[in-house]
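Work out the full structure, taking the sequences as your base and the hints as a guide.
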Amino acid sequence: MTGLPKWVDLGLLPLMNLALAFLIAGGVVAIIGESPVEALSVMLKGAFVYDGGLGYTLYYTTNFLFTGLAVSVAFHAMLFNIGGEGQAAIGGLGAILVCLALDAVMPGLIVIPLAIAAAAVFGGAWAVVPGWLQAYRGSHIVITTIMFNFIAAGVLVSLLSGPLMRAGQSSPQSRDIAEAAQLPFIHDIARALGFPATSTPLNLSFVLALIAAVGVWVLIWRTRWGYALRAVGQSEPAAQYAGIRVPRTVVAAMAISGALAGCMAVNEILGAQHKMVLNFTAGYGFTGIAVALMGRNHPVGIFLAALLFGALYQGGAELDFEFQTITREMVLLIQGLIILFSGALSLMFVPALQRVFRPGPA
Amino acid sequence: MNPDDRAGGTPPAVRLSGISKRFGAVQANRDVDLEVARGSIHGIIGENGAGKSTLVSILYGFYEADAGRIEIDGHVVAIRSSAAAIAQGIGMVHQHFMLVPTFTVLENVMLGAEGGPLLARGAAETRAELLDLSTAYGLEVDPDAKVGDLAVGLQQRVEILKALRRGARILILDEPTGVLTPDETGRLFDILRGLRREGVTILLITHKLREIMAVTDRVSVMRQGEMVAHRETASTTPEELAELMVGRRVAAMPRRELVAALGVDAGGGGTPRARSRPQPNAGALEVRGLGWRDARGITRLSDVSLTLREGEILGLAGVAGNGQSELLDVLSGIATPQSGVIRIGERIINRDRPAGPAELRALGLAHVPEDRHRRGVVLGFTAQENAVLGYQHGPAAGDGRLLSPAALACHCAALMKRFDVRPAAPGLRMSGFSGGNQQKLVLAREIEAEPRILLVGQPTRGVDIGAIEFIHGEILKLRDQGCAILLVSVELDEILALADRVAVMNAGRIVGERRLSGIDAEDRSEIGLMMAGIARIREPAAARPAASPEAGSAEA
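Heads up: the protein sequence lines correspond to chains A and B, in order. For the record, in the first sequence the residue sitting at position 115 is 115 according to the UniProt record's numbering, with numbers rising by one throughout. For the record, in the second sequence the residue sitting at position 410 is 410 according to the UniProt record's numbering, with numbers rising by one throughout.
Hints in this document: simulated from the structure, not taken from any laboratory. Warning: the hint list may mix true and false statements.
[Claimed, not checked] Where chain A lies over chain B, by a calculated footprint (3+ residues, C-beta under 8 Å):
id, region
1, 326 to 336
2, 370 to 382
3, 390 to 399
We treat Cβ as the ideally placed atom computed from N, Cα and C, and that holds for glycine.
Here it is, written out as structure tokens:
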């Protein structure tokens, strides 16, 4: 769309945006009296090199993949699903209900797929309501999905401080689920295969997220339904003309989007924490918007963006740990800069690049 | 208007030299020179996409030229914004009006030049100026009327008044007649002649030769971004201009095609039409008493009845916005009829038994929508994706459950070859094709479905002459194969050239229907009267046949 060569559009431009964000973040680091080079090196090593760093990075990546994919599916129908946070929370509710009800009486091979399905169905259902309201009643999806985040948070508070709270204690979390219903850790699998591995929260959900990414690609670009979805997103009048039922497509797109967001809870509840704690969604749903934006709503781009954000989370934690002066807030600042330059200002360099790469006079 | 002005040393009102402008891969203007004498009406003619609009947009400060020089009254000026253009005394009347419909005429004219934070004084001044301008130029319009309530011709006057009030001495009109009835067009030309008398320089952008011949003093012809010729209107002919526009002899073109494409009867007097085609028989699609209100409850269609017969083209004429778009929507299943019935074969469609676009396609109805960019194609999709729009569940999109890019590309390439779509690149985004090629692809897609009924709206809007010829040929071929065709067009010439019968719409009703068999000029004047609403009481001045004011001055 920018009229630039593909490698510039998809390669150079994002790299320039990223470089600018890091440059300014480096400036801030320098102002508070630390070495930007050293900080960057700690971040990179923390994310990829240090023992267990990569595992943590990929564990965060899993969350961002699910929520980023969720945003992108809705976006292809030109729907801004801001409700990933709430859909993940309700998805988690579905997963934990299945686990709490069945983990004592059924084997993991039945409980785990059921719990995953429940996460998807609950998350999807939570997104269907705003989708239906937009499609048939004209309520704006941005407003309704935001409001549904608050409702979801309220539901979780009341359940986790009430019926779902673990007996005999006062913190808002459920009881641990049985070992059989937990998704295996990657480090356990590696050890079983004879490789030494550091313990990290990375679990099989990562594989599930990769499968979801491939699935989204097939769905959007290789199915007739995905064709209809994109047609609705690009031109509603043309979609109507083509005989596509627009409202129904909108609702279905939201259902799939919500289901993907709901699956984020699989990583947290079945994979990493083995229980539901309050606020386990921790803003991943919102950051998914930035991930989708950076990844240009394409699964490959979303994977790269999710990896970047995963590395930022993990490397940022390392930064916070190693430097007294660089706090958690500082790391948030860096993330904010990246979102600003890669998302909101992502086309800032386009005019300059167009001058450089414009086709010569014929 | 007087050619001696230039010889006598008076600098031209506008002189453009060496103007070039490039958009990405498209060279919109290449080394364009233009001189417009002060106090003349100067036409710029060319096919769609010839670069006319780009050129005047540069003059009006919308775009900056990559190279070249602009002189106004002999002074070199830099025009980097429309504010700078206005300061140089340049005004523009856009093809699509830039008016606030809920404001009065006075408020619209004041807009952007209110003269201070309080409105009262500025309003009084503007009212006085408006009165002066109205009387000086014969631009009568009620200053307190709401613009949204005015007829299109009057809205255009408001635009002209707006420009004049800002001190415009050079007035650019971009395709000003596209939305006017023949009658309103005649009046616009009277106004332009009045402005010329008062010394205003007028630059008229059009693709209709009829208008150039009727009103201009000089004419410049553009083709593919270049200025190919300048002529005195009095010493040129429509044939010569047409050849210059197209870049080849058009004598070989059938006369009817030429009339339709160029809006001029290059062959001289009307000739009785000769038609050889299968006799039309039973109605393929019947509409009885159709009524439709929009979401705001405004009646858009009332009591519409018509019949489409096999092997026949029914032309639906009318000024844009009189219900033709809504009728196409209802007939194609996009909107549901609220009263009345549509019958296609055995299938009765009404309020209780609606049929969507998918079902209608299955019944053999194809639709070339009038708004290509909004409905006909998805601009962000590739050509091959657009080639199956509406048929995405069919085999052309792939045999199995999944879409097959190979099948899409193959299908699209075949269509492109058969309909000469250029560039023949199935993977290219639709927005990368010219209007004519987009339209060819839409037509190809719909004709490929071998429809029994074809609805086609504005088939040649925004389409270059070469493609017009082709598209008209394909529509006629389809008719000769027995398809029942409804042709909706605001170009009366197009309907006269193609249709076997014509129905005229006004204010959501069919106000007249007749078989086309006589002389073109007769048809034209009668249909023109219907388009304007036959029920209206007409002023004596307008009672003469609508085609004559233009034709009269062309001969002068």
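Evaluation of the provided hints:
1. 326 to 336: holds (count 3)
2. 370 to 382: The restraint on the region 370 to 382 of chain B holds, since 9 of its residues have a Cβ under 8 Å from chain A and three suffice.
3. 390 to 399: As far as the region 390 to 399 of chain B goes, the hint holds, because 4 residues have Cβ atoms under 8 Å from chain A.
The structure meets every hint from the earlier list without exception.
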